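Student: As a plain string of letters, each chain reads:
Number of protein chains: 2
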Amino acid sequence: MPQKCSDLGERALIRRISKILGGVEQDDCAVIDLGEDFLVVSTDMLHRETDFPEAASPWQMGWMSAAVNLSDIAAMGAMPLGLLIAVGLPGDLSVDLVDGLFSGLRDCASAFGTVVLGGDTDSHQELTVCGTALGRVEKDLVLRRRGARPGDIVCTTGALGGAGGGLKLLSEGGEGDLARRLLEPREEEGRALALSGAATSMGGDGLARRLLEPQPRLVEGRALALSGAVTSMMDNSDGLALSLHDLAHAGGAGFLIREEDIPIDPKVEALFPGEALDLALHAGGDFELLFTVRPDRLEEAEDACPLTQIGIVVDSGVWMEGSRGRQRLEARGYQHL
Amino acid sequence: MPQKCSDLGERALIRRISKILGGVEQDDCAVIDLGEDFLVVSTDMLHRETDFPEAASPWQMGWMSAAVNLSDIAAMGAMPLGLLIAVGLPGDLSVDLVDGLFSGLRDCASAFGTVVLGGDTDSHQELTVCGTALGRVEKDLVLRRRGARPGDIVCTTGALGGAGGGLKLLSEGGEGDLARRLLEPREEEGRALALSGAATSMGGDGLARRLLEPQPRLVEGRALALSGAVTSMMDNSDGLALSLHDLAHAGGAGFLIREEDIPIDPKVEALFPGEALDLALHAGGDFELLFTVRPDRLEEAEDACPLTQIGIVVDSGVWMEGSRGRQRLEARGYQHL
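Residue numbers (the working numbering), protein chains in the order written: chain A, 1 to 337; chain B, 1 to 337.
Hints are not guaranteed to be accurate.
Said to hold, decoys possible - Which bits of chain B does chain A cover? Going by a derived footprint, with three or more residues having C-beta under 8 Å, they are:
#1 3–12
#2 15–27
#3 122–128
Just so you know, the hints here were simulated from the structure itself, not pulled from any lab data. From a predicted model like this one, the values you see are computed outputs, not experimental measurements. Here a beta-carbon is modelled for each residue, glycine too, at the ideal position from N, C-alpha and C.
Only chain A is shown next, with the shape it has when bound in the complex:
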């Protein structure tokens, strides 16, 4: 019987494809030499059933589609040049939903100083949004997944576990009428919040918005690149644990993380005390930046943006030191296949 994609799993399949293509560098973006600068390009495909939570409004589906691609631009320390969007649309899909979707795409691009430049429409059984984001970064400033050296300090932006907590909240229908409220379209409200950059707000439906309106860390990524203090970087879209393994694999290094220093979203700790650490490590969807900093230049990184030190770079392995001593951190997280 021929081997199936699901037998192989996403990471192994990517390695196999990379081999066929003659080796593809494992970064958040593909990198093209433009002479003085690098062009960085990322593409992500999202499907209604597997990638968009049921509670997502059309506007939020658009926002998410733009944000996940822009997050990859942020992870390279680049400035965005624009987005292209290819959509597969079921024939019986309402035109209103398409309006909402593209309004969300436009608003997210605009909130982060860029635009949707064009795209493609195709008919399809299931709503599919494939975004491509383009960015530009000076050759000496580009940040890649490889580059971490033992002794470097491991850092993250923001708080972790919020998106995973949001998904849990929505799927459990928790917090009284919150889930119901989240199911109602609220474009104007959502837009206002997004533009104020306040998706980390801990009040009301803050967690669900962490999931449905991710904020690509473009300002932070660019400031970190300009600081000259960062040695490697990626976004943590598949969760902290899997991202640490990806960063270790790309850079030929290891990490020792201190459990008590992981900045878990306080709302997640309050709502799901027993699972908060697991959500922060393995749930994915936070779109924060995970990066390593030269210890002698930590101050410059701290000047660039708010960050939390969560561990150090070691020779090999991905380890966590916590209440149960030092243990290997499992490479478990969000995988599509």
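Dock chain B against chain A, hints included.
Tutor: Then chain B, alone, in the frame of chain A:
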């Protein structure tokens, strides 16, 4: 009842989306200012059921996915910089199919002097391939859909109707054992043929290959850009008729086409004499270049690449002059919705 996408149709839906986005120039690619040059970028989404003929081998699905995107780069007069590929893969899809798909992507890119730089994998019910092609072109050489002036000469590369004839042949199971042969994997053979650029071959399964192994006109597009003789250009992927309407709409001009001068694929004329013109006008899939030339510089365009003059640019309307006199040419062709 809310309006559905299928009620609106593809062209109207694109206009609606373009309005939401604040106006998007209708070119084969999005255009980004890089200083001295333009970056041109195109994205196309293909689905197994709606876009890939049943007879396509995995290698041919890969080839098609790369070719349709590179054709858009060709239509701008640009040189390719690379491709990104996002795939949606059903969990039960065989890994062998994925191998074939990415081999076809790699081989098409390589045959046209470029590479697959990276991409994304996602799980999906139906095989979905979303390609993004990037190219670069000097600002004074870029060719756009707008630019045609009354009196310019309308030209096309290659022969038309071959892909439509191929689809008809395959769906009718015609030509004895040909259809069966076409269903067998023949990667090596296909690759050799593709590299020799001989997909216009009229022998054996030439028509099916016109459909399944389209040849993006990158060499021709670039030579036409360098000639300085071309005033507007696009590829004819949705068929000659619809492409003429798109070019007329983008350029604010009209066209008068001479029926007898349309270069219909001789194999299509031989196999489907009553329908050959209809296939050339309305079937799509040929991926030839449709362009307009300044009459005083026709010779330079002819030096750039083989071409056929099929009509002239007029003030408005899309007309065809033929056996039944002068008639409006219907805007009918391949539409996805």
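Student: So, against the hints stated earlier in the document, which numbers end up violated here?
Tutor: none
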